Amino acid sequence: MNLRRYAPAAALVIVLLTDSIAALGASSEPILPDWSGQWQQVGATPSPDGGFYESLDQVLKEMQWSPPNKPAIQAKIDKIVMAERKEMAAVRRGANPGGAVRACTFGYPALMLDSPLMFEVLPTPRETALIFSSREIRHVYTDGRAHPGKDDLWRTRWGDSIGHWEGQTLVIDTIAIDPAVDFLHLGGTPVVAFGGIEEMQLITYLSPETHFIERLRMIDTNHLQDEMTVIDPVNFTKPWHLTRTYERVQAIHRMVYEDCEGEERNPIVNGHFTLAPPPSPAKR
Amino acid sequence: MLAGLIAISGPALAHHSFTMFDQSKTVTLRGTIKDFRWTNPHVFIELLVKNDQGNEEEWSIEMTSPEHLARDGWRPGTLKPGDKVSLNIHPLHGNAKGGEYLSGTGPNGPLLGQPPPSEGRK
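Quick mapping for you: the protein sequence lines, in order, are chains A and B.
The numbering of the first sequence is my numbering, which starts it at 2 and goes up by one.
The numbering of the second sequence is my numbering, which starts it at 130 and goes up by one.
It is possible that part of the hints are untrue.
Said to hold, decoys possible - Computed spacing ranges between beta-carbons, pair by pair: (1) Gln-169/A <-> Lys-226/B: 51 to 59 Å; (2) Ala-147/A <-> Lys-209/B: 50 to 58 Å; (3) Asn-184/B <-> Thr-244/A: 54 to 62 Å; (4) Asp-221/A <-> Gly-206/B: 30 to 38 Å.
Said to hold, decoys possible - Chain B regions said to be covered by chain A (calculated; three or more residues, Cβ under 8 Å): (5) 165 to 177; (6) 189 to 195; (7) 200 to 212; (8) 220 to 234.
To be verified - Some chain B residues well away from chain A (every beta-carbon gap over 12 Å; in silico): (9) Thr-157; (10) Leu-158; (11) Arg-159; (12) Thr-161; (13) Asn-180; (14) Asp-181; (15) Gln-182; (16) Gly-183; (17) Glu-185; (18) Ser-215; (19) Asn-237; (20) Gly-238.
FYI, nobody ran anything at the bench for these hints, they're computed from the structure.
Model, not experiment: these values are computed from the prediction.
Where a beta carbon is used, it is the ideal one built from N, C-alpha and C, also for glycine.
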């Protein structure tokens with residue numbers, strides 16, 4: 002065998018191997034967990050009529066609904082709650098509900114705190130994406146970047162999220178939530194968390210200064226858990242800690258999406274919601 | 130439920146509204162499936178029910194979204210035309226033939242899904 006003939010190729014292999022080994026040794030990329038599959042919030046599995054199999058007591062307990070509101074904020078909420086309670090009671094007696102809009106997205110933090118949606122989590126070395134069946138996506142950048150600077154940042158319904166891995170726990174830091182439009186609570190327009198009998202029980206205000214810290218991890222093979230701390234130096238007296246657990250979806254093993262942009266099924270006629278069933282397939 | 134309408138009453142916003150249904154009444158309908166319409170944003174059961182005069186009337190029963198139903202184990206083929214079923218519903222206010230699905234029994238026993246909520250977290 003003419004060894005000299007193979008020497009250049011052998012040298013190249015050695016160089017490549019050496020580079021690869023060096024790269025492996027120098028890599029700071031985390032070993033990412035496998036969170037594949039679909040997830041849904043425990044206790045939020047919808048029933049065939051769109052409701053949930055929970056009592057008010059269960060909901061309040063599960064929601065850990067004890068925002069540490071400053072007195073002025075709490076007074077504001079109490080006033081809204083009382084007015085809303087009267088209105089909703091009238092609606093239940095058949096009164097005009099006063100208009101309707103479509104609710105196609107949830108925004109943050111509702112996606113994590115009170116979502117009837119399923120979602121997938123896709124960890125990659127530089128970003129983890131949380132993809133919800135409302136077609137909303139949370140992008141959590143884990144490449145070491147900071148939040149955008151003041152002149153490069155504006156509030157959105159999903160905020161700005163960066164994160165890092167602590168072992169198999171994803172720590173997420175979120176700011177810049179848009180207080181004007183989110184439903185659970187944010188800033189200028191207080192909006193209730195749920196329909197149903199408990200709708201007035203679960204509101205609070207968050208200021209634009211609110212900062213969220215989450216610790217997302219798998220607690221066993223079928224459960225993810227999110228420990229969230231809500232820090233609002235303007236409206237709260239102290240940080241608010243909440244925990245949500247998500248279970249594997251068992252009845253379907255692929256992502257399917259909500260589609261509420263389509264046909265109207267509940268038009269308002271003479272001030273009341275009505276039914277407008279879809280036409281039969283033969284007529285479509 | 131995510132999809133569909135939500136009622137705005139004053140400053141408040143709920144996920145959706147089923148205020149057109151009389152939540153204080155539960156009616157059991159026994160009839161024959163005309164159509165199981167697996168459509169967005171909501172799924173509908175079209176049910177043929179004989180009235181007191183023996184005439185068939187068509188009822189429209191609204192369910193939640195396909196995504197939600199799929200997670201409860203429902204599929205587009207769960208109900209087929211001609212199936213004999215018994216459905217528990219909250220009827221529409223007034224006399225219109227429609228309602229909100231709660232639970233039911235199909236040709237092979239109880240339909241998928243869990244018992245109706247005793248209190249409505251919607």
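These are the hints, each one checked on the structure:
Checked against the hint of 51 to 59 Å, the pair Gln-169/A and Lys-226/B passes, with Cβ atoms roughly 54 Å apart. The hinted window of 50 to 58 Å between Ala-147/A and Lys-209/B holds, with their beta carbons roughly 57 Å apart. The supplied range of 54 to 62 Å is met by Asn-184/B and Thr-244/A, whose beta-carbon atoms lie about 56 Å from each other. Evaluation of the 30 to 38 Å hint for Asp-221/A and Gly-206/B yields a pass: the beta carbon distance comes to about 34 Å.
Under a criterion of three residues with beta carbons nearer than 8 Å to beta carbons of chain A, the stated coverage of the region 165 to 177 of chain B is upheld, 7 such residues being counted. Given a C-beta distance limit of less than 8 Å, the hint that chain A covers the region 189 to 195 of chain B holds, as 6 residues qualify and 3 suffice. Here the region 200 to 212 of chain B counts 4 residues with a CB under 8 Å from a CB of chain A, which clears the bar of 3, and the coverage holds. Closer than 8 Å: that is the beta-carbon criterion, and the region 220 to 234 of chain B has 8 residues meeting it against chain A, so the requirement of 3 holds.
Every CB of chain A is more than 12 Å from the CB of Thr-157/B (nearest about 15 Å), matching its label as outside the interface. Under the 12 Å C-beta cut-off, the non-interface status given to Leu-158/B relative to chain A holds; the minimum distance is some 14 Å. Remark: the non-interface label on Arg-159/B is consistent with the geometry, its nearest Cβ contact in chain A lying 18 Å away (cut-off 12 Å). With a least CB separation of 15 Å from chain A, Thr-161/B remains clear of the 12 Å interface cut-off, as annotated.
The claim that Asn-180/B is not at the interface with chain A holds, since no C-beta of that chain comes within 12 Å of its own (minimum 19 Å). The beta carbon of Asp-181/B sits about 22 Å from the closest Cβ of chain A, which is more than 12 Å, so the claim that it is off the interface holds. Taking the minimum C-beta to C-beta distance to chain A, about 23 Å, the non-interface status of Gln-182/B holds against the 12 Å cut. Gly-183/B, annotated as away from the interface, keeps every beta carbon of chain A farther than 12 Å; the closest lies near 24 Å.
Distance to chain A confirms Glu-185/B as a non-interface residue, since its nearest Cβ pair spans about 16 Å, more than 12 Å. No beta-carbon of chain A is positioned within 12 Å of the beta-carbon of Ser-215/B; the least distance is around 14 Å. Every beta carbon of chain A lies more than 12 Å from that of Asn-237/B, the smallest distance being close to 16 Å; the non-interface claim holds. Its beta-carbon lying about 15 Å from the closest one in chain A, Gly-238/B satisfies the requirement of being farther than 12 Å from that chain.
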